[in-house]
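Engineer: Kindly generate the complete structure, drawing on both the sequences and the hints.
Those sequence lines, one after another, are chains A and B. Note that the first sequence covers residues 13 to 124 in my numbering. Note that the second sequence covers residues 259 to 377 in my numbering.
Please note: incorrect hints may appear among the correct ones.
[Claimed, not checked] Result set (DSSO-like, lysine-lysine): computed pairs, CA atoms no more than 27 Å apart in a straight line:
(1) B:K310 with B:K280
(2) B:K315 with A:K116
(3) B:K273 with A:K61
(4) A:K116 with A:K80
(5) A:K81 with A:K116
(6) A:K70 with A:K80
Calculated from the structure, these hints are not laboratory results.
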Amino acid sequence: AQSVTQLGSHVSVSEGALVLLRCNYSSSVPPYLFWYVQYPNQGLQLLLKYTSAATLVKGINGFEAEFKKSETSFHLTKPSAHMSDAAEYFCAVSEGADGLTFGKGTHLIIQP
Amino acid sequence: AAGVIQSPRHLIKEKRETATLKCYPIPRHDTVYWYQQGPGQDPQFLISFYEKMQSDKGSIPDRFSAQQFSDYHSELNMSSLELGDSALYFCASSLWGLAGGDPNTGELFFGEGSRLTVL
Numbered sequence: 013a014q015s016v017t018q019l020g021s022h023v024s025v026s027e028g029a030l031v032l033l034r035c036n037y038s039s040s041v042p043p044y045l046f047w048y049v050q051y052p053n054q055g056l057q058l059l060l061k062y063t064s065a066a067t068l069v070k071g072i073n074g075f076e077a078e079f080k081k082s083e084t085s086f087h088l089t090k091p092s093a094h095m096s097d098a099a100e101y102f103c104a105v106s107e108g109a110d111g112l113t114f115g116k117g118t119h120l121i122i123q124p
Numbered sequence: 259a260a261g262v263i264q265s266p267r268h269l270i271k272e273k274r275e276t277a278t279l280k281c282y283p284i285p286r287h288d289t290v291y292w293y294q295q296g297p298g299q300d301p302q303f304l305i306s307f308y309e310k311m312q313s314d315k316g317s318i319p320d321r322f323s324a325q326q327f328s329d330y331h332s333e334l335n336m337s338s339l340e341l342g343d344s345a346l347y348f349c350a351s352s353l354w355g356l357a358g359g360d361p362n363t364g365e366l367f368f369g370e371g372s373r374l375t376v377l
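Structural biologist: Structure representation (structure tokens):
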């Protein structure tokens, strides 16, 4: 079975600083990888996805992620954090028709 | 564009009662998934349906059952509710069949969720 590990259940950055949320995956086949964002009391919104095309993937709200096979990583970054980025972020790997397997999530805190 | 619709958005039940959640997938999507997200937890896969047939089962309790109907909407039935069933329940849909014409990348489209509170 495939799995993802998110390092750091909480990440705190200052407004305007670089955001880096880490995700490592485990998969025996080329994976499809996703980052979802969840704002308080809301559903899951897709930020971006890797589907074996370009290794650098750009998403919504200025986020991007780079697929690195050698490191089995798919870290999420944003050059400059905004207060509105405060949310829970989930990395996920596709299990095909069996859906997605999510990481434990990282709570992003933005300090003013 | 049409999204995944879930109802009700909020539901309060007593212990040992029964609850039913409904999900209306994106039109033409052939696969429906149910997830449970406890407080402060990641979403856990419960069950999925492909073309109205159960395709996979995750950590769904025996007290829960689900089905997908001819119009592709799905219902999650939960009986003998326990306090620990209080959670956000997400439905998601995707397109796996060939009718869409594009290879499926595994992306799931999520509804806003149904929040169940068991007292």
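Engineer: If a hint holds in the structure, say so; if it doesn't, say that too.
Structural biologist: Now the hints, each set against the structure:
Between the alpha carbons of K310 (chain B) and K280 (chain B) the distance comes to roughly 14 Å, so the proposed pair stays at or under 27 Å and holds. For the proposed pair K315 (chain B) and K116 (chain A), the alpha carbon gap of about 20 Å is at most 27 Å, so the pair holds. As the CA atoms of K273 (chain B) and K61 (chain A) are separated by approximately 40 Å, the hinted pair breaks the 27 Å bound. With a C-alpha separation of about 21 Å, the suggested pair K116 (chain A) and K80 (chain A) falls inside the 27 Å cut-off, and the hint holds.
This hinted pair checks out: K81 (chain A) and K116 (chain A) have alpha carbons roughly 21 Å apart, not beyond 27 Å. Proposed proximity of K70 (chain A) and K80 (chain A) is supported: the alpha carbons are some 15 Å apart, at most 27 Å.
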